[in-house]
Amino acid sequence: MPSVRLVDASKRFGSIFAIHRVNLEIRDGDYVCVLGPTGSGKTTLLKAIAGLTQIDEGEILLDGRRVNEVPPEMRNAVYVPQHYALFPHLSVLENVSFGPIAKGVKRDEALASSHKMLELVRLDKRADSLPQELSGGMQQRVALARGLASGAKLLLLDEPLGALDARLRIELRYQLRRLAKGLGLTVVHVTHDQAEAMTIADTIIVLRDGRVEQTGSPFHIYQRPENLFVANFIGDTNFVEGIVSERGSEGSTLELRRSIYIKVADTSYLPGERVVIALRQEKTHLLGEGMKEGTNAIQGQVQAIRFLGDFLKCEIRLENEDTISCKFLRIGTIPRGNENVVITFRPEDCVIFPYPSSGLSREVEVT
Amino acid sequence: MDRLSAKPNASKALYSASAVFFVVIILLPAIAGILLKLGLISEALSDPILVSRARSALYASFAIALSVSSLDLIAGVPMAWLIVKRKSRLINVIDTLADIPFIVPTVALGYSVLLFWSGPQGLASLFGVGSIIQPGWILVAMLHFAFSYPIVVRLMVGELQGYRETYELAARTLGASSFTAIRTVTFPILKPAFIAAFLLAFARSLSETGATIIVAGAFENGPVFIRKAIDAGLQGPLVLVSLALIAISIAIFGAISLLGPRLRLPIKRVLPRFEGRLSEGGKWRDLATLLVFAMFVVIPSLFITLPSATAILDGTINKAIASEGVWSNYWRSLVLSYTVGFLAMVINIFLGFPTAIMIARRRLGRRASTIFDALVNVPIIVPSVALGTSLSFFWNAFGTFPEFWLLILVHVSITYTYFVRSISAAIEGISEEMEETARTLGASPFTVFRRITLPLVKYSFFSGAIMVFTRSVEETGATVAVVKQLKTAPVLLVDWVKNPQLYSQSTTALGIGFLVLTSFIILLVLRLVLWRRR
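Line by line, the protein sequences are chains A and B. In this text, residue positions in the first sequence follow numbering that gives the first Met the number 0: the first is 0, and each later residue adds one. In this text, residue positions in the second sequence follow numbering that gives the first Met the number 0: the first is 0, and each later residue adds one.
Pulled out of the complex, with its shape left as it was, chain A reads as follows:
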């Protein structure tokens, strides 16, 4: 099983850095999801590992060996693009056996091992079909079987579920992980779907403008985003501006607009510092009118209610004119439009960031 390491890897297209001084380490057998908005350098990162794009600076190491100058066919790292790149003039079996035959394995042996791979992905009965005769989900499985048959232990998947419909996408993401774990593969899976990344990754790497913003387990990234961009990109988050008014040993007091005060657990900011409070929408609770409990409680009025199936999402205009959203299970009393309500949240659920010099909206911008 291979490990992957990038040391200060950069790739420029003209004056624009597609990836910039990227440092990361992927352990043997890890299922890693690279998450980031369009144009963040995800595909470039994948192609650099595959050897399809030459990095301008830095090093790429596979199993501890520098591979910067090693051509793609010698890296044993299979690249699977979003639309799978199945060869349209070859049958399913010929597609799957392409790798072993290209590597010099005898035709009979290559066909036998390819058949096994097709059995593994339950497509052995479609061995003679042409790729275009298969559904999207089947094509995805053929692409996977083709990669596995080539003997590669490192799979580089570029939005492998992006071309499928929503339901199939959910079903196949678990199959993908199960297969990878069962065969002991190392997988780098590029996606812009945070739910996909959260549910199948051992480790998530968040990219933005070619730089790694944060690396960690899904739980860690969700609970402790290291910056505003990650806080915004992963999960649904409210951002509220404030100024530190007091700092104690167990927490700080922040002043929001119109002299509303709240408590937060973070004590790392000095009084007078301008900050942004990031608060997950599902950690923002809603109480009916007149009910007031908890440390932080702010009055507001329901502006909009959105139905999300099991969940409801309410947009609340606070008494200080800030707007925040809260997400909660659809049980109990459902608030009505324009109803006066109180929102509460726990000090330890507030993640505090310094106010960005470029402005809040610019900092959390996804496109």
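Keep in mind that the hints were calculated from the coordinates and are not lab data. Be aware that a few hints might be false.
Unchecked claim - Capping the alpha-carbon separation at 27 angstroms, the derived lysine-lysine pairs in BS3-like fashion look like this:
(1) A:K102 to B:K6
(2) A:K326 to A:K312
(3) A:K105 to B:K6
(4) B:K486 to B:K227
(5) A:K262 to A:K326
(6) B:K457 to A:K102
(7) B:K11 to A:K102
(8) B:K457 to B:K11
(9) B:K84 to B:K190
(10) A:K152 to A:K115
(11) B:K86 to B:K282
(12) B:K483 to B:K497
(13) A:K124 to A:K105
(14) A:K152 to B:K6
(15) A:K282 to A:K262
Unchecked claim - Each pair of labels, with its calculated beta carbon distance range:
(16) B:G428 to A:T37: 20 to 28 angstroms
(17) A:D192 to B:L168: 28 to 36 angstroms
(18) B:P260 to A:Q302: 43 to 51 angstroms
(19) A:E24 to B:P260: 27 to 35 angstroms
(20) A:D164 to B:R361: 30 to 38 angstroms
All C-beta atoms, glycine included, are put in the ideal place defined by N, C-alpha and C.
With the hints as your guide, set chain B onto chain A.
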């Protein structure tokens, strides 16, 4: 080969070699040859009559090329539309017939057009007159229309087949009549194809020499003037007109390529009633399209079969088979034509393929590849007779060059663009991800080429190779510019047509008939052989 291709610098070396070949063998001689002889221009300029003739010839060349290309679009686009939209057996037959001027070598086409419009056995026989149209500029224009029309039709059929009809349907549901929808939505989207079709027809018209000589009579355009200058041994006028043809052609192509994309079609104003009525007249439009096609393309192109058939009946065929008299030279010329065509095809396959990949995949970097992409058009932009003149000057500057190899070089130059363009367009149509994925599956660059790229571009490869072959076999202008002793079949046949006192109509018609027939058979064999190798 696999191991060699896997070496880090192997592909770069291959692409660099193909780029060097293009610059040194194709591009440089095309321009530099004529520049070497610039000093001779003063000789031509000192003769005011010659200058005036040269000016008129140049004017005639561009006037005919511009008007014929415009007419090609006016008549060819409805024909392409008809082929794509109206599906029936008759349309399938018409689709095949539209390719006839492609298959018939232009010299044969010229003679056929001449006999049909000017000969007493042609259209004139129906009206009991000697001739309908005398050789001259009108007949030249009609001939150029006949051979450039299929270029426009073929290109537009391809474009229309790839065009997403949903745009037009959306316009119809928004209240536009079919004519308005086509004019305001489809045409602006297809504008690049119109420009490409216009430029191709324009280039073809400017280049044509052999057939033009046949139907020109006393009329002179650029290529006819050059041919006469070569025959008279007048190098000064030859250089003057060749240089002017090269310079003006490149300037016009550059201007159209640059300004064409900025050209706005008049789509703002809509006349709902008038255009609605025009939309209803579809049947009349189709009928008019078919009439133009029949009268000006198919019948004049196929008319040669009549005198050829007569030659079979009057015994001329026996002399031809026995290789008596003029026929031994004829067969030699025919063999030479096909040998040159075949060699030009093979050389282009080996040397043009890497260039096509280099352009399509931008292998030498974005800027260098874009420059090559533009420069590769030069051989078809420059009229072939001027190109031949330049190449002749260039290669002969290194001493006496064997005529046969000079002929090969010229034909490779003339046909190079056809092959490179057809392959590079096909490669651009293949997702690069497919080749990249194949590499990560363990395939070397050569294996990727052999197992993925080549099979996926095979149709373009076959059609590119066949296009090179047919273009080479029918080429006259550049050939007369470079050879003195050797005569390819089209050059020989032009001589026969121009000397009716030496060669009877029966002999000429049979010679041309054989050229058409053998071309057809060889094309068929080539197609079968290439097909089997796919």
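Q: Against the structure, test the hints numbered earlier, and report the numbers of the ones violated in rising order.
A: Going through the list in order, the structure violates hint 19 alone and respects the others.
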